[in-house]
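Make a model of the complete structure from these sequences and hints.
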Amino acid sequence: MSVEVVVKESDLAEMVEQVWISYLDPEGLNPLITTGDDAQPSDVHSSVSISGSWTGHIVYASSTAAAKRAAAAFLAVEVDEVSPDDIADVLGELANIVGGNVKAMLPAGAMLSLPQVVMAPESATRYPSAERVSGLYSVWEGEPVSVSLWQRREDKKDDKKEESA
Amino acid sequence: MKILIADDSRVMRQIVSRTLRQAGFGGHDLVEAADGREALDKTVAENPDLVISDWNMPELTGVEVLRKLRATGNDVKFGFVTSECTTEMQEAAEAAGAAFFIVKPFTAERFDEVFSPILG
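Chains as they are written, first to last, in our numbering: chain H, 1 to 165; chain S, 1001 to 1120.
Since the hints were made in silico from the structure, they are not lab data.
By construction, the Cβ of each residue, glycine as well, lies at the ideal position given by its N, Cα and C atoms.
Accuracy of the hints is not assured; some may be wrong.
Covered, in the sense of this in silico footprint (three residues per stretch, anywhere, with C-beta under 8 Å from a C-beta of chain H), are these stretches of chain S [as the list claims (entries may be wrong)]: (1) 1008 to 1017; (2) 1086 to 1094; (3) 1097 to 1109.
The structure is reproduced here in structure tokens:
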């Protein structure tokens, strides 16, 4: 079964903005600035998978500096006090929060996985059966931060069939 | 009051603790659990007045913890702080006996709104 689901860049931007307002930039001093550069580099990434009524992945990626800054803001400590475990925990939670919000836009019957964190560039992980359907590419105080949505190819094909039917 | 905070993310447990303080609910006795099984065990062992639980956790999900507690007659005030906010989950939470449902990301204002009637 497949359903057509459109989670646009503007939807991702709204979700991420809420995370920034709540935890990373409550004063509104250092917001994310969208660049649209889908080739921007990353050092670390995290993801959650959704399966069921919609199947795919939500991937959060950033530079190490942005990940450390995010962990420091989450924990309310200085950047140099952040441990590698803190960074991994925060990266996982960022993917989880965005993934949960994406799931809320999907039809009933979708399951969210626990997060997975990879301390390597986003390009280190491949999703062979999925393709990117949406992405938010931005910088935070000059450091790259992105969120992208990957949908299972089989479902994409079904969507196209339904569209042309 | 004694409050149990259950979340598999240590950072998120800290944020829940901090947001409770920011919302004016500092000074309570806080206990933490890092997965669903620990949340269940500590709720039984520590007998908290309130459980603030994540939904998606290893071992047992938050709603499974709540159902197990209610099945044994434990009526502790229990609610969710979760990134997932579908109608089906909110209905499942309510049916299981949850007192509140807070969606991540959350603010101190949201905590104030939810916990003022509970914590005073």
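Report task. List, from low to high, the hint numbers that the structure doesn't satisfy. Result -> none
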